[in-house]
Amino acid sequence: MSDEMDEIWALYADDGAQALDAMEIALDALGAGPAAATDPNVAAFFRAVHTFKGNSRVLGLAVVESRAHYAEDLIGLVRDQGVPWDAEIRDILLMAADTLRVMLEETAATRADVDPVASEPLMARLKDKIARCTGASGAPASVATPEPATAPDPTPAVTPDPAPPPRKAKARKAAEVAEAPAAAPAPPAPPPPAPEPVAKPAAKKQADAPRLADDPTYRAIFQGMARDCLAKLRQATGSFAADPDAARSLARREADGLSHAARQMGLDDWDAALCAYLADADGGIEAIAQLVLRLEELTEAEAGAARGPVAPGGDGDVSFFDALREPLDRIARYGTDFACGDTPDPDDVAAAVEVVKAVSQPQGFVRVVEAADQLLEADSAISFRNAELHLYEELGAVEAIMPDAARAAGLSPRGLVQVWCAEHVFDTLGALEHNLNRLRDPETEDRDEEFLAFDRLMRLVRHACAHYEIETAGQLALTLVDLFSRTHISGKAPDAILNHIARGFIDTIELVFDALHQGETPDTASLDKLFEEAANVAFVKDGLVTASAIERRLGLPKEFHRVLSPESVRTAGDALDQGMEFYVLRTDINTDEQLAESFIDWLSSGQAKSITNVTVFEGQKTLFDFLIATPLDEPSLSEVLARLDPSHRKLVLLRHLKPAREAGPMADDSLGRDADAAAGLPTQPGVTAEMLETLGEIAASQSMVSHILTELADADLVDSIDSILRTANGDMRRVRTQVRALLGEFTSRLQEVSQLESQLVGQLAQLQEETVEIRSRRIETVLRPLETFVQTYSRRNRREARFSHSGGEISLDITILDNLRKLLRSLVMLRLEQDEAAPSSIHITFQRDEERVLAVFEDDGGALESGTGLQDIQTGLQKMGGDIRRVALPGKGMRFHISIPLAMVVLEGMVVGVEGVRYVMPVDAIRMILQPENDVRIRISAAEGREMLRIAENELVTVTSLGGAPQGAPRAEGRRRGVYVVLGTQGRSVAVPVDELIGQQLVLLRPLRGVLSRIENMTGIALLAGGDVGMVVSANMLCAANGFGAGAGSGMPSLRM
Amino acid sequence: MPYNVMIVDDAAMMRLYIASFIKTLPDFKVVAQAANGQEALDKLSATPNVDLILLDIEMPVMDGLEFLRHAKLKTRAKICMLSSVAVSGSPHAAKARELGADGVVAKPSGTVSHDLEEKTGDELARTMRTLVAA
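Line order of the protein sequences matches chains A and P.
Residue 1 is where the first sequence starts when you use our numbering, and the numbers rise one by one after that.
Residue 1 is where the second sequence starts when you use our numbering, and the numbers rise one by one after that.
Treat the hints with caution; some may be incorrect.
[Claimed, not checked] Taking lysine-lysine and the BS3-like style, the derived pairs with C-alpha atoms no more than 25 Å apart in a straight line are:
#: 1; chain 1: A; residue 1: Lys492; chain 2: P; residue 2: Lys74
#: 2; chain 1: P; residue 1: Lys95; chain 2: P; residue 2: Lys23
#: 3; chain 1: P; residue 1: Lys119; chain 2: P; residue 2: Lys43
#: 4; chain 1: A; residue 1: Lys822; chain 2: A; residue 2: Lys879
#: 5; chain 1: P; residue 1: Lys74; chain 2: A; residue 2: Lys357
#: 6; chain 1: P; residue 1: Lys43; chain 2: P; residue 2: Lys23
#: 7; chain 1: A; residue 1: Lys492; chain 2: P; residue 2: Lys43
#: 8; chain 1: A; residue 1: Lys650; chain 2: A; residue 2: Lys558
#: 9; chain 1: P; residue 1: Lys119; chain 2: A; residue 2: Lys621
#: 10; chain 1: A; residue 1: Lys658; chain 2: A; residue 2: Lys621
#: 11; chain 1: A; residue 1: Lys558; chain 2: P; residue 2: Lys95
[As the list claims (entries may be wrong)] Now the in silico label distances, taken between C-beta atoms and shown as ranges:
#: 12; chain 1: P; residue 1: Leu25; chain 2: A; residue 2: Gln594; range: 56 to 64 Å
#: 13; chain 1: A; residue 1: Ser826; chain 2: P; residue 2: Ser20; range: 55 to 63 Å
#: 14; chain 1: A; residue 1: Phe746; chain 2: P; residue 2: Ser45; range: 54 to 62 Å
#: 15; chain 1: A; residue 1: Glu711; chain 2: P; residue 2: Asp122; range: 36 to 44 Å
#: 16; chain 1: P; residue 1: Met1; chain 2: A; residue 2: Gln361; range: 22 to 30 Å
#: 17; chain 1: A; residue 1: Asp446; chain 2: P; residue 2: Met1; range: 22 to 30 Å
#: 18; chain 1: P; residue 1: Leu25; chain 2: A; residue 2: Glu449; range: 23 to 31 Å
#: 19; chain 1: A; residue 1: Ala715; chain 2: P; residue 2: Ala19; range: 31 to 39 Å
#: 20; chain 1: P; residue 1: Asp122; chain 2: A; residue 2: Glu800; range: 26 to 34 Å
#: 21; chain 1: A; residue 1: Lys658; chain 2: P; residue 2: Ser45; range: 20 to 28 Å
Rather than coming from a laboratory, the hints here were simulated on the basis of the structure.
C-beta: ideal position from N, C-alpha, C; glycine also.
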């Protein structure tokens, strides 16, 4: 890299010195005048100063460039505007040449721009002379300036103040390397306004190497040179007879010069023609004449190419862009003045703005007018540059609808914006990073402003991507604009995943630009992966992960691909769960309001569900294809359609889709429902669309965490710090700064992981709640079919039996319900088969506590002795850990007390922490949560010295610990147990001290089995959000064992041996 | 004074649904409707005081994106894409953003979404209000 930079700066110094020599020779030759505008020395000076200016620009030497720029303007007045050459101009240009030489030496030595103050006298003289020559008060309004409309801005950013520091000097230098060789040998001639060349993608270079000839500026310069050369060659043919040697010499010199330029430009055909002549040893008059003819052909072809293919009767108005060239030139120059610390005269700016407005207003381009007006409000270099850029963006929008007109006028505002954005992309990326940090910072006050800045900056990156023709990145930038904008409107802050995607994009695209500027082919695989991730984020957020599953499962035609909204996905998922049929209907209802209403009414009536619909253009007609789900079979649906549309033409059944069974979660058992399902009995639940979305989010979050952790693991901090120390040469301040930055970055990534982890915990909690919810059903879902069963079975036995129940609203896990259903059926059958003793009335009452469900089955039938039937029921129940107890009622009737342990119960629990262990307390059993003063804890000697807590004036409850320390034992140093959860059940209460209250959660309780079932005071375990396991406290056991009046002791789990 | 809204959608039923929804928003009023981009451009010049345009994408004659390209030059009205293909992060949504759409909202259940108000009403109203307030 440093070798290349050395070479660039050496080239700059060498070319600059040659250009200055050429300027001085031309000035000497011109003398004090008079001189004609066509004097070759005028052109020579112009070319030389233009080259000098271009080289300075390439290296970012704004002050040097501006001085050369004004000198070029002055000589341009002589060459193009009929301003007579005089001694004053010569003096000023000599002063300019001297000043530029000093600047050249200084900049070549320091590789930095010069202080503008020293050259102020020169600037004053140049401006004054230009103003007098043009009759303008300040800037050369009538000058046909050769300056391209967008000079590179030395100001570091167009972003909101304060502008961030340049992000990557290395990358910027790389840009210089790529740019400099292209610009340094620029042939001297007047260029029209057009973007300066900026490095194009390396990949593109390899396939179709960019040439200076591709740049309109240099093409125009070359055309000028070619014209000059042709004139000299014709002169040589005319004078050949008189002085053949002199003519040959002239022709060879001119051909050699143009050949060199052609090579630089990459114009091979020109070079070939010129080399052919130069290779001719004789080089006589015939060879010269042939060369002239050939060059005339090429000149004509070149002019045609420069004009470009303008479509006849094109959609644009060439005069619009033509009329903008001059005011845009001036605006660009004012921007350069501003950047050099020279505030332009507001009247001059206003004059240029007025021209832009006058051209735009008749076209109705209101936004261009507004953008032009913003220039008037600019009061700093940065605000002026921002306004200028905005104006070009608006003009770029005009160019988008009138591309031919813009091309014909040789003006491309869009191209200029892209060039500018490419040149400043590292500053923009730096600003974006700051912006993202502010968006993430909860302390940020004006988040709206930050969202708007994000939008603006990401669009600038998008322009830079367009310049380099990296479409994937450009698309991703716009996708991020879309995602952030929607987040903004939702009133939320971007979540961790979105932040991660945006940060990843910035990091990756920076490397891509870096590679491009170094002429390398960037690795775009990371970008593609990021794009995929971003798309997934968007899809996960909107349920489109499941959309693709639905597309696959239904075999949707392609017009329905990627159009399913989250709502559509949910509707389709529900319809699949319900085993509905899926159809595509083609409808011609757009012009038949009555039919449209009838059809939509039918869709809304519940007989069918509209999942989505797409537009189909058929000739002049707009048709809609509806994807619907309905329980109706094909003939029934056809009947409905025929009723709605007797013509049979406007509602047509296009396809009957057959949902496929798939492996994985989508292939749930929803299609295989049994008769019980039809009767409303519980079946195994499927995985819902919401659960899939949550699973997708968890997978995405996990992948992010994994990605970042891998990055962090790969980062060799020791090596990085070692490298910093090695390159610092003992400069400890520098070391400190760099190490801080390194560690700051590292910490920031760790925080990101932490944030993602929190997000994961939330998602897991959500998934668990969804899982719990989906397994939970009310008991009445068993009782309704049981009622039907009682009635049917009693009629079969020539009886009439009534059935009633209470407690059907209690929810149980479907496994328990299934057991309960079988058990109750058996008992009902047993009772109804008792002939004369069969009951005429059955009532079942349900209750549930934290450990079991209790059913009381009561009827008015005869007594039931123990027998096979009852024995079978008892055996079945005992296998489940349950029991049945029968009681003969006085008089007539039987009561059965049935107890079934809760194999898996949904529990609303309060998660608490005690000595680092998580416990879950049933919310139903919590009487209160207290943080009492110390003096309400008292020791009661009458109660074996147990510690009690006063929870009300007349109420004391036993304090019972859950942790390892026995109640009453000294606590560990520093432990504070200020919070008590008071549990109450069956008339007894205990106060349990806890270290922390973690929060309320719906959990799935799993009973303790085997040896674990002997743990005291615990019902079971539950998997908590975040992956922790919590012990579920049995309020019943705890209160029974430790409630007031019960025996003393610790409530901590202990084994019953 | 309510904000003036133009609805551009080729589906007649959809225009009805959107107009019906806007009637529920006291701060907005429908002042023009069009069935395609070209018709909308014509009506826009005759109705210069439009504050907000709700724009479908897939339309005959001139689609929403092409309309956006032209309208962004000639009107100060805010433009919100309301289309079934503009789901979050989709290529259509990105293209709309590139061309200068101020807001993008996806229709909930296809190009004709009779459940617009029920399922996307809040989001649409919030977007409309944010845009006109900007």
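Against the structure, the hints come out as follows:
As the CA atoms of A:Lys492 and P:Lys74 are separated by approximately 33 Å, the hinted pair breaks the 25 Å bound. Restraint check for P:Lys95 and P:Lys23: the C-alpha separation of about 30 Å exceeds 25 Å, so the hint is violated. For the hint linking P:Lys119 to P:Lys43, the alpha-carbon distance of about 30 Å lies beyond 25 Å, and the restraint is violated. Of the supplied pair hints, the one linking A:Lys822 and A:Lys879 holds, its CA atoms being roughly 14 Å apart against a limit of 25 Å.
Under the criterion of a C-alpha separation no larger than 25 Å, the hint pairing P:Lys74 with A:Lys357 is consistent with the structure, at around 14 Å. Proposed proximity of P:Lys43 and P:Lys23 is supported: the alpha carbons are some 21 Å apart, at most 25 Å. Using a Cα cut-off of 25 Å, the hinted pair A:Lys492 and P:Lys43 is violated, with the two alpha carbons roughly 36 Å apart. Distance restraint check for A:Lys650 and A:Lys558: the Cα-Cα separation of roughly 22 Å lies within the 25 Å cut-off, and the hinted pair is therefore satisfied.
Between P:Lys119 and A:Lys621, the direct Cα distance comes to roughly 28 Å. Violation of the 25 Å bound is thereby established for this hinted pair. Our distance criterion of 25 Å between C-alpha atoms is broken by A:Lys658 and A:Lys621, whose separation comes to about 29 Å. Simply put, A:Lys558 and P:Lys95 have alpha-carbon atoms about 20 Å apart, close enough for the 25 Å limit, and the pair holds. A beta carbon spacing of about 28 Å between P:Leu25 and A:Gln594 contradicts the range 56 to 64 Å that was offered as a hint.
Roughly 57 Å separates the CB atoms of A:Ser826 and P:Ser20, a value that falls within the hinted 55 to 63 Å. Against the hinted window of 54 to 62 Å, the Cβ-Cβ separation of A:Phe746 and P:Ser45 comes to about 58 Å, which satisfies the hint. Here the CB-CB span from A:Glu711 to P:Asp122 is close to 39 Å, well matched to the stated 36 to 44 Å. Range check, P:Met1 to A:Gln361: about 27 Å between beta-carbon atoms, so the 22 to 30 Å window is met.
Taking the beta carbon of each, A:Asp446 and P:Met1 are about 28 Å apart, inside 22 to 30 Å as hinted. A C-beta distance of roughly 27 Å is found between P:Leu25 and A:Glu449, which places it inside the suggested range of 23 to 31 Å. Between A:Ala715 and P:Ala19 the C-beta distance comes to about 57 Å, which lies outside the given range of 31 to 39 Å. The given range of 26 to 34 Å is broken by P:Asp122 and A:Glu800, whose C-beta atoms sit roughly 54 Å from each other.
Between A:Lys658 and P:Ser45 the beta carbon distance is about 51 Å. The supplied range of 20 to 28 Å is therefore violated.
This entry does not satisfy hints 1, 2, 3, 7, 9, 10, 12, 19, 20 and 21, going by the numbered hints stated previously.
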